Amino acid sequence: MKRKSLLILSLFFATVWLSGCATFETEKKAVPYRLTQQGTVIWEDELEFVPPPPDWKLLRVETGENDINFGFVRPDPGDFPSLTTFAYDEEPFGCSTRFEDREKEFFKRFLFNAILHFQILEKKKVQVVGGEGLAVTVEGKDPVKKEKVRGKVIFAKRGDRVVGFYITQWRSLDGTYDPAAFDIFDKFVSSFKFLKKSFYETL
Amino acid sequence: MEGHQRNLYLYERFNARVLGVSRDDVITLKYWAKGLDLTFPLLSNVTSFLGVSVDAQPEGKPIFSRRTIIIDKKGVIRYVRDGSPVFKDILLFLKKLNQEGGKP
Numbered sequence: 001m002k003r004k005s006l007l008i009l010s011l012f013f014a015t016v017w018l019s020g021c022a023t024f025e026t027e028k029k030a031v032p033y034r035l036t037q038q039g040t041v042i043w044e045d046e047l048e049f050v051p052p053p054p055d056w057k058l059l060r061v062e063t064g065e066n067d068i069n070f071g072f073v074r075p076d077p078g079d080f081p082s083l084t085t086f087a088y089d090e091e092p093f094g095c096s097t098r099f100e101d102r103e104k105e106f107f108k109r110f111l112f113n114a115i116l117h118f119q120i121l122e123k124k125k126v127q128v129v130g131g132e133g134l135a136v137t138v139e140g141k142d143p144v145k146k147e148k149v150r151g152k153v154i155f156a157k158r159g160d161r162v163v164g165f166y167i168t169q170w171r172s173l174d175g176t177y178d179p180a181a182f183d184i185f186d187k188f189v190s191s192f193k194f195l196k197k198s199f200y201e202t203l
Numbered sequence: 001m002e003g004h005q006r007n008l009y010l011y012e013r014f015n016a017r018v019l020g021v022s023r024d025d026v027i028t029l030k031y032w033a034k035g036l037d038l039t040f041p042l043l044s045n046v047t048s049f050l051g052v053s054v055d056a057q058p059e060g061k062p063i064f065s066r067r068t069i070i071i072d073k074k075g076v077i078r079y080v081r082d083g084s085p086v087f088k089d090i091l092l093f094l095k096k097l098n099q100e101g102g103k104p
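Those sequence lines, one after another, are chains A and W. For the first sequence, our numbering gives the first residue as 1, with consecutive numbering after it. For the second sequence, our numbering gives the first residue as 1, with consecutive numbering after it.
Note that these hints are calculated values from the structure, not bench results. Incorrect hints may have been included.
Under the rule of at most 30 Å between Cα atoms (straight-line distance), these lysine-lysine pairs were calculated in the DSSO-like manner [to be verified]:
id : chain 1 : residue 1 : chain 2 : residue 2
1  : A       : 197       : W       : 95
2  : W       : 74        : A       : 152
3  : A       : 141       : A       : 197
4  : W       : 88        : A       : 193
5  : W       : 74        : A       : 157
6  : A       : 141       : A       : 196
7  : W       : 88        : A       : 196
8  : A       : 104       : W       : 96
9  : A       : 193       : W       : 34
10 : W       : 96        : A       : 197
11 : W       : 34        : W       : 95
12 : W       : 34        : A       : 124
13 : A       : 104       : W       : 30
14 : W       : 96        : A       : 108
15 : W       : 96        : A       : 152
16 : W       : 30        : A       : 108
17 : A       : 57        : W       : 88
18 : W       : 95        : A       : 196
19 : A       : 197       : W       : 88
20 : A       : 157       : W       : 95
21 : A       : 123       : W       : 34
22 : W       : 34        : A       : 141
23 : W       : 34        : A       : 196
Quick caveat, the model's predicted, so the values are computed rather than measured.
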């Protein structure tokens, strides 16, 4: 007879709900971050990528776990909310391992707090971290706050699991987006390499 | 909960099953599970006896504390952790428990 262990998880609805919302916070302690002579960054001896220019600040996503989640932020010229942020996330919202399903799950919760309705501007298959991925460009508008955001999310695979790269650029409703930031993001993503297997691949 | 859903294939590998237990009613849990695309069972325990049995019911409060518990096939509680689940910790523990499985 197969051995069955049983995992019982007690949960509290509100707490669980809140725990799903990752928040950005500036790094308070030293990060495992080193530069190579080639100008790339090695992160925790696990990832390698071309960093953005120095006017982008490093962010860590606080998840309460040791999964690798980090990004970069740059305040843009103009009034609030002019800001661009991009990130790498080992555990993007959702659960599916098929990109098309994951995309639907992801956008149920992406920028959930902003309460925006997203319009998909473009969706296409891309090559990323040595395999096939899915890139989705979206725009959301908030006519009440008079804000808008353009985002691009790239789903990729690391082993069996889906990882994500995403950029958001906030502007006032009559503001103009800066495509150069998206180019920097694309360069970051296209340079991205996994230097070793993930924790989940080693189990 | 999403983390558990993502890890279902690994739990399967380690012969483990996951259950969620909450004091929320069945309808609330159904909507919540649908919203998060959860496929594993969520138990509604409005009367709280399950929470009381694993000491996850704070006195005088209408909710359970967050607690992760791993019970082996003999019904012995082998792992308890309060707060948000630490998935890597859970997976390593289940892997170890599964490896012990050949020697009950």
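Now the hints, each set against the structure:
For the hint pairing residue 197(A) with residue 95(W), the CA-to-CA distance comes to about 18 Å; that is within 30 Å, so the pair holds. At most 30 Å may separate the alpha-carbon atoms for a hinted pair to count; residue 74(W) and residue 152(A) exceed this at roughly 49 Å. A hinted pair counts as satisfied when its Cα atoms are at most 30 Å apart, and residue 141(A) with residue 197(A) does not qualify at roughly 39 Å. Between residue 88(W) and residue 193(A) the alpha-carbon distance is near 22 Å, which keeps this suggested pair within the 30 Å criterion.
Distance restraint check for residue 74(W) and residue 157(A): the Cα-Cα separation of roughly 38 Å exceeds the 30 Å cut-off, and the hinted pair is therefore not satisfied. Simply put, residue 141(A) and residue 196(A) have alpha-carbon atoms about 40 Å apart, too far for the 30 Å limit, and the pair is violated. Taken as a hint, the residue 88(W) and residue 196(A) pair is honoured in the structure, with Cα atoms around 17 Å apart against an allowance of 30 Å. Taking the CA atoms of residue 104(A) and residue 96(W), the gap is near 35 Å; set against the 30 Å cutoff, the hint is violated.
For the hint pairing residue 193(A) with residue 34(W), the CA-to-CA distance comes to about 35 Å; that exceeds 30 Å, so the pair is violated. For the hint pairing residue 96(W) with residue 197(A), the CA-to-CA distance comes to about 20 Å; that is within 30 Å, so the pair holds. A hinted pair counts as satisfied when its Cα atoms are at most 30 Å apart, and residue 34(W) with residue 95(W) qualifies at roughly 29 Å. At most 30 Å may separate the alpha-carbon atoms for a hinted pair to count; residue 34(W) and residue 124(A) meet this at roughly 27 Å.
With a C-alpha separation of about 19 Å, the suggested pairing of residue 104(A) with residue 30(W) holds against the 30 Å cut-off. Using a Cα cut-off of 30 Å, the hinted pair residue 96(W) and residue 108(A) is violated, with the two alpha carbons roughly 35 Å apart. Straight-line distance between C-alpha atoms of residue 96(W) and residue 152(A) comes to about 40 Å, which puts the hinted pair past the 30 Å bound. Straight-line distance between C-alpha atoms of residue 30(W) and residue 108(A) comes to about 17 Å, which keeps the hinted pair within the 30 Å bound.
At most 30 Å may separate the alpha-carbon atoms for a hinted pair to count; residue 57(A) and residue 88(W) meet this at roughly 29 Å. Restraint check for residue 95(W) and residue 196(A): satisfied, since their Cα atoms lie roughly 21 Å apart, inside the 30 Å limit. Distance hint between residue 197(A) and residue 88(W) is fulfilled; the C-alpha atoms sit about 15 Å from each other, no more than 30 Å. Between residue 157(A) and residue 95(W) the CA atoms are separated by roughly 23 Å; this keeps the pair inside 30 Å, and the hint holds.
Between residue 123(A) and residue 34(W) the alpha-carbon distance is near 25 Å, which keeps this suggested pair within the 30 Å criterion. Of the pairs offered as hints, the one joining residue 34(W) and residue 141(A) holds, with about 26 Å between alpha carbons and a cut-off of 30 Å not exceeded. Under the criterion of a C-alpha separation no larger than 30 Å, the hint pairing residue 34(W) with residue 196(A) is inconsistent with the structure, at around 35 Å.
Consistency with the previously given hints fails for numbers 2, 3, 5, 6, 8, 9, 14, 15 and 23, ordered from lowest to highest.
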